[in-house]
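K.L.:
Work out the full structure, taking the sequences as your base and the hints as a guide.
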Amino acid sequence: MSHHLLKASVETCHWGFFDARLKPVLAVESGDTVTIDCLSGPPEVLPKGDFHIPPEIHDVHARSERQLPGHILTGPVAIAGAEPGDVLQVDILDIALRQDWGYNFIRPLAGTLIDDFHETRLLHIPLDRTAMVGKLPWGLDLPLAPFFGVMGVAPPPAWGRITSIIPRAHGGNLDNKELVKGATLYLPVFAPGGLFSCGDGHGAQGDGEVNVTAIETALQGTFRFTLRKDLRFTYPRAETPSHLLTMGMDPDLDQCVVRALRDMIVLMGEKAGLSREDAYTLCSLAADLRVTQTVNVSKGIHCMIAKALLEAKAG
Numbered sequence: 314m315s316h317h318l319l320k321a322s323v324e325t326c327h328w329g330f331f332d333a334r335l336k337p338v339l340a341v342e343s344g345d346t347v348t349i350d351c352l353s354g355p356p357e358v359l360p361k362g363d364f365h366i367p368p369e370i371h372d373v374h375a376r377s378e379r380q381l382p383g384h385i386l387t388g389p390v391a392i393a394g395a396e397p398g399d400v401l402q403v404d405i406l407d408i409a410l411r412q413d414w415g416y417n418f419i420r421p422l423a424g425t426l427i428d429d430f431h432e433t434r435l436l437h438i439p440l441d442r443t444a445m446v447g448k449l450p451w452g453l454d455l456p457l458a459p460f461f462g463v464m465g466v467a468p469p470p471a472w473g474r475i476t477s478i479i480p481r482a483h484g485g486n487l488d489n490k491e492l493v494k495g496a497t498l499y500l501p502v503f504a505p506g507g508l509f510s511c512g513d514g515h516g517a518q519g520d521g522e523v524n525v526t527a528i529e530t531a532l533q534g535t536f537r538f539t540l541r542k543d544l545r546f547t548y549p550r551a552e553t554p555s556h557l558l559t560m561g562m563d564p565d566l567d568q569c570v571v572r573a574l575r576d577m578i579v580l581m582g583e584k585a586g587l588s589r590e591d592a593y594t595l596c597s598l599a600a601d602l603r604v605t606q607t608v609n610v611s612k613g614i615h616c617m618i619a620k621a622l623l624e625a626k627a628g
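314 is the number of the first residue of the sequence shown in the numbering used here; add one for each residue after it.
No lab work stands behind these hints, which were simulated from the structure alone.
It cannot be assumed that every hint is accurate.
Estimated spans, in silico, between C-beta atoms of each pair [to be verified]:
hint: 1; residue 1: L422; residue 2: G344; range: 43 to 49 Å
hint: 2; residue 1: R420; residue 2: E324; range: 29 to 35 Å
hint: 3; residue 1: G586; residue 2: P397; range: 26 to 32 Å
hint: 4; residue 1: A599; residue 2: K542; range: 27 to 33 Å
hint: 5; residue 1: F430; residue 2: R575; range: 31 to 37 Å
hint: 6; residue 1: L449; residue 2: H371; range: 25 to 31 Å
hint: 7; residue 1: Q380; residue 2: V493; range: 29 to 35 Å
hint: 8; residue 1: R420; residue 2: D454; range: 22 to 28 Å
hint: 9; residue 1: F430; residue 2: R545; range: 40 to 46 Å
hint: 10; residue 1: P368; residue 2: R334; range: 28 to 34 Å
hint: 11; residue 1: M314; residue 2: R575; range: 31 to 37 Å
hint: 12; residue 1: Q380; residue 2: F430; range: 24 to 30 Å
C-beta atoms are modelled at their ideal positions from N, C-alpha and C, and glycine is treated no differently.
P.N.:
Structure (structure tokens):
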């Protein structure tokens with residue numbers, strides 16, 4: 314098992330899209346770890362003054378093709394032996410800030426309250442990497458909990474080139490704040506090699522991400538990629554040290570709930586041998602439905618159940 318470093322550059326970043334036809338910029342074996350540098354934002358969000366700006370972002374802005382609106386993503390990383398129908402296990406081993414600032418913006422006709430705010434506001438937020446807080450202008454030091462808003466594999470080849478904005482079965486713009494250091498994301502594989510990319514670093518975000526942006530910032534992540542040929546499912550799942558998660562994405566938030574609940578019932582059966590009726594009951598008694606985000610065209614719900622409740626049944 315080897316460790317690799319993947320830096321962000323014009324050669325290793327793709328801007329705004331996922332596409333199964335992209336050639337991998339790095340090939341690894343199952344079980345390898347990769348530290349990936351990511352960038353954040355278009356030229357107009359860069360701050361003035363005494364902030365650290367990753368120098369490679371200027372070259373990416375100048376020379377990277379931006380075919381679709383979306384995020385600057387680093388990758389893709391190919392995992393040897395990954396084939397459609399497999400599952401890629403992505404263990405998030407570490408996440409670190411790459412800069413001492415982030416940004417948040419409000420823009421008209423966007424976000425959850427599309428009719429309520431009529432002026433654009435770009436807010437630069439200093440990040441204290443020692444105290445791990447974001448310094449908001451009204452005096453609040455907001456605790457940071459960094460995570461990648463976008464983590465995904467290549468979509469099915471028949472989908473062609475798709476925007477990175479809309480989350481789908483391949484993952485992508487999940488914006489799930491539970492996916493911090495120590496969490497694991499499971500992504501179904503749709504193309505040879507899997508082709509994992511990530512970006513859209515967030516310093517902190519509330520469930521919902523209601524004005525479209527979190528504290529957007531550049532992050533460095535360390536991941537372990539494990540090919541799982543023993544798993545068979547077609548929609549992202551995740552786990553934290555304490556909880557199992559299923560997800561639903563759809564323009565209709567009610568349909569997100571339906572998808573996340575149905576997958577959780579299946580997962581409970583796999584993990585603890587619960588019948589569908591018992592799993593549905595336990596969802597009602599102990600599972601939590603949380604609004605992941607309400608702003609990415611397809612909205613998101615994630616369903617969470619404490620592992621201890623299923624381990625007690627299994628034992």
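K.L.:
Take the hints in turn and mark each one as holding or not.
P.N.:
Now the hints, each set against the structure:
1. L422 - G344: 43 to 49 Å: 46 Å, holds
2. R420 - E324: 29 to 35 Å: 31 Å, holds
3. G586 - P397: 26 to 32 Å: 29 Å, holds
4. A599 - K542: 27 to 33 Å: 32 Å, holds
5. F430 - R575: 31 to 37 Å: Between F430 and R575, where Cβ atoms are some 35 Å apart, the hint holds.
6. L449 - H371: 25 to 31 Å: 27 Å, holds
7. Q380 - V493: 29 to 35 Å: For V493 against Q380, whose Cβ atoms are near 31 Å apart, the range 29 to 35 Å holds.
8. R420 - D454: 22 to 28 Å: Because 26 Å falls inside the window, the suggested range holds.
9. F430 - R545: 40 to 46 Å: 44 Å, holds
10. P368 - R334: 28 to 34 Å: 30 Å Cβ-Cβ, so the 28 to 34 Å window holds.
11. M314 - R575: 31 to 37 Å: At 36 Å between Cβs, range holds.
12. Q380 - F430: 24 to 30 Å: 29 Å, holds
Every hint from the earlier list agrees with this structure, and none is contradicted.
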